[in-house]
Structures are given as structure tokens and as C-alpha cells.
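Quick note, the sequences are listed as chains D and Z, same order. Positions 1 to 113 (this note's numbering) are the ones given, in order, by the first sequence. Positions 114 to 229 (this note's numbering) are the ones given, in order, by the second sequence.
Hints are computed from structural coordinates only; laboratory data are not their basis. Careful: at least some of the hints might be erroneous.
No more than 27 Å apart at the CA atoms, straight line, and that leaves these computed lysine-lysine pairs for DSSO-like [as the list claims (entries may be wrong)]:
{"hint": "1", "chain 1": "Z", "residue 1": "K183", "chain 2": "Z", "residue 2": "K228"}
{"hint": "2", "chain 1": "D", "residue 1": "K9", "chain 2": "Z", "residue 2": "K221"}
{"hint": "3", "chain 1": "D", "residue 1": "K9", "chain 2": "Z", "residue 2": "K224"}
Now the stretches of chain D that chain Z is said to cover, found in silico as 3 or more residues with beta-carbon under 8 Å [as the list claims (entries may be wrong)]:
{"hint": "4", "segment": "35–45"}
{"hint": "5", "segment": "102–108"}
Small disclaimer: the values here were computed from a predicted structure and weren't measured. Cβ coordinates follow ideal geometry from the N, Cα and C atoms, glycine included.
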Amino acid sequence: NAGVTQTPKFQVLKTGQSMTLQCAQDMNHEYMSWYRQDPGMGLRLIHYSVGAGITDQGEVPNGYNVSRSTTEDFPLRLLSAAPSQTSVYFCASSYGLGTDTQYFGPGTRLTVL
Amino acid sequence: AQTVTQSQPEMSVQEAETVTLSCTYDTSENNYYLFWYKQPPSRQMILVIRQEAYKQQNATENRFSVNFQKAAKSFSLKISDSQLGDTAMYFCAFMNYGGSQGNLIFGKGTKLSVKP
Numbered sequence: 001n002a003g004v005t006q007t008p009k010f011q012v013l014k015t016g017q018s019m020t021l022q023c024a025q026d027m028n029h030e031y032m033s034w035y036r037q038d039p040g041m042g043l044r045l046i047h048y049s050v051g052a053g054i055t056d057q058g059e060v061p062n063g064y065n066v067s068r069s070t071t072e073d074f075p076l077r078l079l080s081a082a083p084s085q086t087s088v089y090f091c092a093s094s095y096g097l098g099t100d101t102q103y104f105g106p107g108t109r110l111t112v113l
Numbered sequence: 114a115q116t117v118t119q120s121q122p123e124m125s126v127q128e129a130e131t132v133t134l135s136c137t138y139d140t141s142e143n144n145y146y147l148f149w150y151k152q153p154p155s156r157q158m159i160l161v162i163r164q165e166a167y168k169q170q171n172a173t174e175n176r177f178s179v180n181f182q183k184a185a186k187s188f189s190l191k192i193s194d195s196q197l198g199d200t201a202m203y204f205c206a207f208m209n210y211g212g213s214q215g216n217l218i219f220g221k222g223t224k225l226s227v228k229p
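Chain D with its partners taken away, still in its complex shape (with noise of 0.2 Å):
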């Protein structure tokens, strides 16, 4: 099993512009979900799945879109990159929300100019 993959490792990007980070798992988990990680801040949910074609908000949605066409994947989307966007994103997943331990993907390293 590779677990939770990410990608890319590392992007930059210019204000307005839009991006999609790819998170990709075999394990076939239920659950799925992104997490922005920034200085002092831990790391704080952005939008979570619990199956395909099912998707909610988590603490800090604004800014960020998903969608989970199928078990294996769950993308998240950019939709007008600004500078307040600048952090360290990381996917995670589990067999259910709430009842298992997540497995974390290395992260992606996203810059805003």
C-alpha cells in the first residue's frame, strides 16, 4: 500500500490564479479530509468526506472547494489563490470519521505571491 498520497510536493503560486492539490489513498477509507497546517496555528480542518459524493465544511472552508467523485480521492481546489492561502496542506484519512485513527499524507508546500 503506498497509504495517503499528495500531490504536488511544492507549489507557487500568483494571487488570482487556481490550483487543485491532489490526495489520493488505497486503503479504502470512508473518510477523508484536508487540514491546513500554519506557523503557531497547529493544524486547523478545511473541508472533510465521510464517502463518495458526500462532503462538508470544516473550521476554515473559505477560499477552498472539494469534491469526492470516488473512494480513492478527494481533491481540494483553489479557486482564486491569495496570500492568506500560503501554508502547509495535508490530506488524511481512516475507515470512519470519529472511530479510527487518520493516516496523514506528506503535505503540500503551497506559496501565494
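Chain Z: place on chain D using the hints.
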């Protein structure tokens, strides 16, 4: 809303010694999980240890153990025989059991440096 507090932004320990990282949390729920995650300079989030709130026995994983005090809402991590590879950020995290509130809530982290 649940909150997780790590009151020690930075700590250091000599190699081979023991160190304890503190974590407190606030919740009105009775069933939940607590975790410690390690984040080395590689940035990968690695699960160190997990505790189910309904279990009275403290979890242990090799050199890592916890002191779980449910009434005090305290969940500290003890690292014995510290090694240079233990140098990392350590995050305490809380998760409600089941339901729509079962996402992870993280503390702000403790930066641990192990000195030779």
C-alpha cells in the same frame, strides 16, 4: 466546542533522558480518542500513540507512554531514553467518537529538541 491546549511551545532534553510533554483538553463528551502525533523536519505527520477515553489503562508504545487523567482532562506524553531521532514537533489531538463531530482537533504543538 472542544479545545486542545499544549502549554509548552518548546522543550529540550538530553539524549537518553526522559521528558514529559503536557496536553489538556476541554470537552463535555464522554466517549472520545486522544492522540499524539510527531512531525519531524520531513513534515510527515506520524502517529505516536492513541488512547481511548473508555480505557482506564494508559497506552504505551515502546519508549512512549501516556498519563491519561480523564477527570482532570489531561493527556501527557512521556518519552523515555530520548533519542536524537525524537527531535520533532509533537501535536496532541482530540477526536469525538462517531457522528459528525468526529474530526481531529489539534493543539498548537510542542517543539522538542533532543541534545547529544
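Hints, one by one, checked against the model:
1. For the given pair, Z:K183 sits about 32 Å from Z:K228 by alpha-carbon distance, which is inconsistent with the 27 Å threshold.
2. For the hint linking D:K9 to Z:K221, the alpha-carbon distance of about 23 Å falls within 27 Å, and the restraint holds.
3. A C-alpha spacing of about 23 Å is found between D:K9 and Z:K224, which places the hinted pair at or below 27 Å, so the restraint holds.
4. Coverage of the segment 35–45 of chain D by chain Z holds [criterion: at least 3 residues with CB-CB distance below 8 Å; count 7].
5. Counting residues of the segment 102–108 of chain D whose CB falls under 8 Å from any CB of chain Z gives 5; the rule of at least 3 is met.
Consistency with the previously given hints fails for number 1 only.
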